[in-house]
Amino acid sequence: MELLLQTLLNGLLMSGIYALVATGLALSLGVVGIVNFAHGEFLMMGAFLSYLLFAFRGVDPLLSLGLAFLAAFLVGGLAYQGLIRPVLKAPELNQMLLTFGLAILLQNLALLLFGADTRVVAPPYQATTLSLGPFFLGAVPLGAFLLSLAILLLLQVFLTRSRLGLAMRAVAQNRLAPGLLGIEAERVYLLAFGLAAALAGVAGVMLSVMLYASPTVGFTFTLKSFAIVALAGLGNLKGVVPASFVLALAEALVSTYLPGGGGLVEAVFFLVLFLALVGRAWREA
Amino acid sequence: MRKVLGFLALVTGLAFAQTSLKVGVILPLSGASAVSGKAALNGIQLAADEVNTAGKVRLELVVVDDGTDAAKAVPAFTKLMTVDKVDIVIGGLASGVTFALSGPVKQYGPLFLAIGAASSVVEQAFEGYPLLFHYHPWDYHNVAAALQFFQYLNREHGARKVAILYEDGPFGSAGIGVYKQQLEKLGYQVQAEPFKAGSGQFTAILTRFRAFAPDILYWIGYDVDALPIATQARQVGLRPKLIYGAPPSWPIGFEKNPLSNDIAGMTAWLPTVANPESRRFVDAYRKKYGEVTEEYMAPMGYTIVKSLALAAEKAGSADKNRIAEALASLKMNTPFGPLSFKPSDTGRTKYQGFGPEIWFQFQYLQGSRRPVFPKEVATRPLRYPGEYYLR
Amino acid sequence: MKGFGHPTLILLFLLFFALLPYLPLGIWRAFLLDVGFFVLLFTALALSWDLVARTGQLSLAHGAFFGLGAYGAGLLAPQVGTLPALCLGALAAGAGALVLGWVTLRLHGLYFAMASLAFSEVLRTLALKLPFTGGPIGLPVLPPFGGNWPLAAYYLGFSVLLLATALSLWAERSPFRLAQAATRQSEAVARVLGVQVVRVKLWSLFLGSVVAGLAGGVYGMKTLFLSPYDAFSLARAVEALVIPIFGGLYTTLGPLLGGVALVSLEQALRLWIQEGYLVVYGAILILVILFLPRGLVGVLGRHRG
Numbered sequence: 001m002e003l004l005l006q007t008l009l010n011g012l013l014m015s016g017i018y019a020l021v022a023t024g025l026a027l028s029l030g031v032v033g034i035v036n037f038a039h040g041e042f043l044m045m046g047a048f049l050s051y052l053l054f055a056f057r058g059v060d061p062l063l064s065l066g067l068a069f070l071a072a073f074l075v076g077g078l079a080y081q082g083l084i085r086p087v088l089k090a091p092e093l094n095q096m097l098l099t100f101g102l103a104i105l106l107q108n109l110a111l112l113l114f115g116a117d118t119r120v121v122a123p124p125y126q127a128t129t130l131s132l133g134p135f136f137l138g139a140v141p142l143g144a145f146l147l148s149l150a151i152l153l154l155l156q157v158f159l160t161r162s163r164l165g166l167a168m169r170a171v172a173q174n175r176l177a178p179g180l181l182g183i184e185a186e187r188v189y190l191l192a193f194g195l196a197a198a199l200a201g202v203a204g205v206m207l208s209v210m211l212y213a214s215p216t217v218g219f220t221f222t223l224k225s226f227a228i229v230a231l232a233g234l235g236n237l238k239g240v241v242p243a244s245f246v247l248a249l250a251e252a253l254v255s256t257y258l259p260g261g262g263g264l265v266e267a268v269f270f271l272v273l274f275l276a277l278v279g280r281a282w283r284e285a
Numbered sequence: 286m287r288k289v290l291g292f293l294a295l296v297t298g299l300a301f302a303q304t305s306l307k308v309g310v311i312l313p314l315s316g317a318s319a320v321s322g323k324a325a326l327n328g329i330q331l332a333a334d335e336v337n338t339a340g341k342v343r344l345e346l347v348v349v350d351d352g353t354d355a356a357k358a359v360p361a362f363t364k365l366m367t368v369d370k371v372d373i374v375i376g377g378l379a380s381g382v383t384f385a386l387s388g389p390v391k392q393y394g395p396l397f398l399a400i401g402a403a404s405s406v407v408e409q410a411f412e413g414y415p416l417l418f419h420y421h422p423w424d425y426h427n428v429a430a431a432l433q434f435f436q437y438l439n440r441e442h443g444a445r446k447v448a449i450l451y452e453d454g455p456f457g458s459a460g461i462g463v464y465k466q467q468l469e470k471l472g473y474q475v476q477a478e479p480f481k482a483g484s485g486q487f488t489a490i491l492t493r494f495r496a497f498a499p500d501i502l503y504w505i506g507y508d509v510d511a512l513p514i515a516t517q518a519r520q521v522g523l524r525p526k527l528i529y530g531a532p533p534s535w536p537i538g539f540e541k542n543p544l545s546n547d548i549a550g551m552t553a554w555l556p557t558v559a560n561p562e563s564r565r566f567v568d569a570y571r572k573k574y575g576e577v578t579e580e581y582m583a584p585m586g587y588t589i590v591k592s593l594a595l596a597a598e599k600a601g602s603a604d605k606n607r608i609a610e611a612l613a614s615l616k617m618n619t620p621f622g623p624l625s626f627k628p629s630d631t632g633r634t635k636y637q638g639f640g641p642e643i644w645f646q647f648q649y650l651q652g653s654r655r656p657v658f659p660k661e662v663a664t665r666p667l668r669y670p671g672e673y674y675l676r
Numbered sequence: 677m678k679g680f681g682h683p684t685l686i687l688l689f690l691l692f693f694a695l696l697p698y699l700p701l702g703i704w705r706a707f708l709l710d711v712g713f714f715v716l717l718f719t720a721l722a723l724s725w726d727l728v729a730r731t732g733q734l735s736l737a738h739g740a741f742f743g744l745g746a747y748g749a750g751l752l753a754p755q756v757g758t759l760p761a762l763c764l765g766a767l768a769a770g771a772g773a774l775v776l777g778w779v780t781l782r783l784h785g786l787y788f789a790m791a792s793l794a795f796s797e798v799l800r801t802l803a804l805k806l807p808f809t810g811g812p813i814g815l816p817v818l819p820p821f822g823g824n825w826p827l828a829a830y831y832l833g834f835s836v837l838l839l840a841t842a843l844s845l846w847a848e849r850s851p852f853r854l855a856q857a858a859t860r861q862s863e864a865v866a867r868v869l870g871v872q873v874v875r876v877k878l879w880s881l882f883l884g885s886v887v888a889g890l891a892g893g894v895y896g897m898k899t900l901f902l903s904p905y906d907a908f909s910l911a912r913a914v915e916a917l918v919i920p921i922f923g924g925l926y927t928t929l930g931p932l933l934g935g936v937a938l939v940s941l942e943q944a945l946r947l948w949i950q951e952g953y954l955v956v957y958g959a960i961l962i963l964v965i966l967f968l969p970r971g972l973v974g975v976l977g978r979h980r981g
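Residue numbers (the working numbering), protein chains in the order written: chain A, 1 to 285; chain B, 286 to 676; chain C, 677 to 981.
Derived by calculation from the structure, the hints in this document are not laboratory data. Warning: the hint list may mix true and false statements.
[What the hints assert, rightly or not] Not close to chain A: a few residues of chain B, all C-beta gaps over 12 angstroms, as computed:
| id | residue |
| --- | --- |
| 1 | L346 |
| 2 | Y393 |
| 3 | G394 |
| 4 | A429 |
| 5 | N439 |
| 6 | E452 |
| 7 | W535 |
| 8 | P536 |
| 9 | M551 |
| 10 | E562 |
| 11 | R565 |
| 12 | R571 |
| 13 | L595 |
| 14 | M617 |
| 15 | P659 |
[Said to hold, decoys possible] Some chain C residues near chain B, calculated using beta-carbon distances under 8 angstroms:
| id | residue |
| --- | --- |
| 16 | P700 |
| 17 | I703 |
| 18 | R705 |
| 19 | F707 |
| 20 | V711 |
| 21 | F714 |
| 22 | P754 |
| 23 | Q755 |
| 24 | L802 |
| 25 | L804 |
| 26 | T809 |
| 27 | G814 |
| 28 | E848 |
| 29 | E863 |
| 30 | L900 |
| 31 | F901 |
No residue lacks a Cβ here, since even glycine has one placed at the ideal position from N, Cα and C.
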């Protein structure tokens, strides 16, 4: 029983970061309508920013969080203006090729500039552990989880209370009539894409502390985010959090209970996704 | 007039006394093994510069990238053989790629100096090929060296239980069966679990290991796993007496991270070893590249080029067979220790260079890595149990 | 069709590759043949993807079909010989496709793509874990026809491309094209028009997967070694869709042009730029799609819708 609860706890903590990155993707997919293969690269940028600031200026990653948010937002906005906006009216597959090219470019630029080595940061609280009775909680995963939740709550407030936020939701729910919004549409798209990048950037900083920074760290998260968004359903921003939880939980349960489960985690992740997608489709019929 | 002719003859004679070699270099400069590949290339280029300056042998390098991918390696190799027409190739870093190259190598027949490719599958593929010089130890050598360390821990420090975390790709899974078997023979209780490399999620497995209460936590994976394992072991309350890892390289910045204290690993070389050849290499490397490398592939590449140059000088010719002959009887000192070629333990490789003797175990302590085993190379004693057990 | 019609170009392409081993290439011959081989295979794979995409199914499972064919052929070749093994491997891929296709009939767009990706990843893990596949260490594969004919792999690859081109042209020129296009644009409308949507989708997926499986089988016989990471690679599945978009979607000439251009470009960039060549590659992808929204075929003239 204790093991089960600890496992659920582990899954819960991981789901925070997943939800953060996936929400970003859901924004760019649902609002701007673009399949962004380069989403994970914003995460990678955040992770590298955290490492560089730590290694060369001794800045604690906690401070880098805000910087990463802003920096990623900026880069995302620029990418939108320069690259995404021209292809908004193009066929979906063209957009995919563009973002794919962007992903390759960014990843290899990082490789060129920094080399393929993995880099780690060393803030003093990295391995701090809290114990709740018989259960162990890493301080950093807990912090990442709480922070993700906070950010997502703020996002929720923004989406339900502010005018731009409501406009975003309108666009996400009904992509056929963005023209009705007039000039607003441009601002909405830019904001959404920038936000998406910013969310990924913040997640990147968290990951730099929990895992590492490297040019290839973004790709796995791009993949998982797509899976989570597909599970939640396109345009369903609220569904991202429960979907992240389901997947993170599946990962945790498999790792703990299946013998040799460590190697099967990804397969189970995708099996769950497959069954959910297929099951939902057949049910809707 | 005769004096002029005589002088000309002398100068031409001297020019011919210098052996000129065109050497192909095929390494992973992109893809999964790029870190090792680039380090190897640095070492190779450094050695080539030194050789060319010394003047007795002239080396011309033709470098191609194999992308850690058979689909890229095969055409690149073909280009070296047919377009650049090299007779001598330095390559074979990643095992899978080298396996794919075994066919083309046997077809074109160059003198092949293998810098890596530890997998025995490669040894089988190249069996009987007369012009292979395999510098790097085979995987069974690596396992033997690690087992020596485990034996020492068992006998001198009373370690009885070992938990193995291995990545489920070819690197981690290759030796796991042998490890389990041999460790049990040594008297250990063994529990082994696979994980997906790069996933960074070890909490579940480490929690399971906690119940097992191992003395040694041994992980076989890549640099990306080092920090998560160290962090998460602490987070789940797993307290082994020794955390021991065997990745091909370690993350940058890890030594500055206090979590790395007392973590042990195995390597063939560190910039701090006392070997005079190594010190010379480190100084030259720093002068040329402005920094010190921790990757052992750099001195390995350096050693290969130096040995090749020596052999070419001895043979006095650029003919690959004469050079091979000279190389076969070569003895030289390297940053790893003495190098000479003899048949491998399995007999499949005619010219095996280094064996398990170049491996040694080190421990992180306050920002630097120090050799701790075997006793002959240790610069300080092993701290067992490590800090992660005591606090 | 005006002037240099598309079929003429296609024929020229095929002729060029058929005769490549006999052209006066000098010292570059062996290298170009090696590059040419991979061009043939990956272009065939791209064509097989396009064939499926015409029905609106965006497959990320072509990596899996490639892998099924590769492992199937590799495992069976010692028992039944080169050609039967290739066919059986391709059939294995086809069987996988039918299962995937049938189960995902109701999924569209991104959902179908994700489901096909999930399918591919699960298969890769199976290849990694099942005992007879050689596991993570990999599977050595015998060369075709016992290694007696040095150009065997090249011409096998050429045959696969030929088959892929033939199938693609047939789909373009027969009534099947309308059925595929209708299905792609709106399944509901297509049904009303009398198109047997289920059959069109499954048939397209089956044909595409068989070609992909053949390509996989031939790939294994050239590299003489298979590993689950390589054979079921996601990168290859993505390349299979990048090429048709780059070259021109829903046509035969598009993937042909795109395949030759991209695969050769990548090899050339790697040899001449070395470090950082992929940055240039990514930039080229971006620039082409920004300025040539119809892909490379857009340069050649009117695009038949």
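So, going through the hints one by one against the coordinates:
1. L346: holds, 21 angstroms
2. Y393: Holds: least Cβ distance 30 angstroms, greater than 12 angstroms.
3. G394: About 33 angstroms separates B/G394 from the closest Cβ of chain A, which puts it past 12 angstroms; holds.
4. A429: Check passes; 26 angstroms lies beyond 12 angstroms.
5. N439: Holds: least Cβ distance 26 angstroms, greater than 12 angstroms.
6. E452: violated, 8 angstroms
7. W535: violated, 8 angstroms
8. P536: violated, 4 angstroms
9. M551: It holds; B/M551 is separated from chain A by about 18 angstroms at its closest Cβ, greater than 12 angstroms.
10. E562: Consistent with the label, B/E562 stays out of reach of chain A, its closest Cβ about 26 angstroms off (over 12 angstroms).
11. R565: holds, 25 angstroms
12. R571: Answer for B/R571: holds, closest chain A Cβ roughly 17 angstroms.
13. L595: holds, 31 angstroms
14. M617: Per Cβ check, B/M617 is outside 12 angstroms of chain A; nearest 30 angstroms; holds.
15. P659: The claim stands: B/P659 keeps its Cβ more than 12 angstroms from every Cβ of chain A (closest is about 29 angstroms).
16. P700: violated, 14 angstroms
17. I703: Hint holds; C/I703 Cβ to chain B Cβ min 5 angstroms, cut 8 angstroms.
18. R705: holds, 7 angstroms
19. F707: holds, 4 angstroms
20. V711: holds, 5 angstroms
21. F714: Given a least distance of 5 angstroms, the restraint on C/F714 holds.
22. P754: violated, 16 angstroms
23. Q755: It is violated, given that the least Cβ distance between C/Q755 and chain B is near 21 angstroms, above 8 angstroms.
24. L802: violated, 13 angstroms
25. L804: It holds, given that the least Cβ distance between C/L804 and chain B is near 7 angstroms, below 8 angstroms.
26. T809: violated, 13 angstroms
27. G814: holds, 6 angstroms
28. E848: It is violated, given that the least Cβ distance between C/E848 and chain B is near 29 angstroms, above 8 angstroms.
29. E863: violated, 37 angstroms
30. L900: At about 5 angstroms, which falls below the 8 angstroms cut-off, the nearest Cβ of chain B leaves the hint on C/L900 intact, so it holds.
31. F901: holds, 5 angstroms
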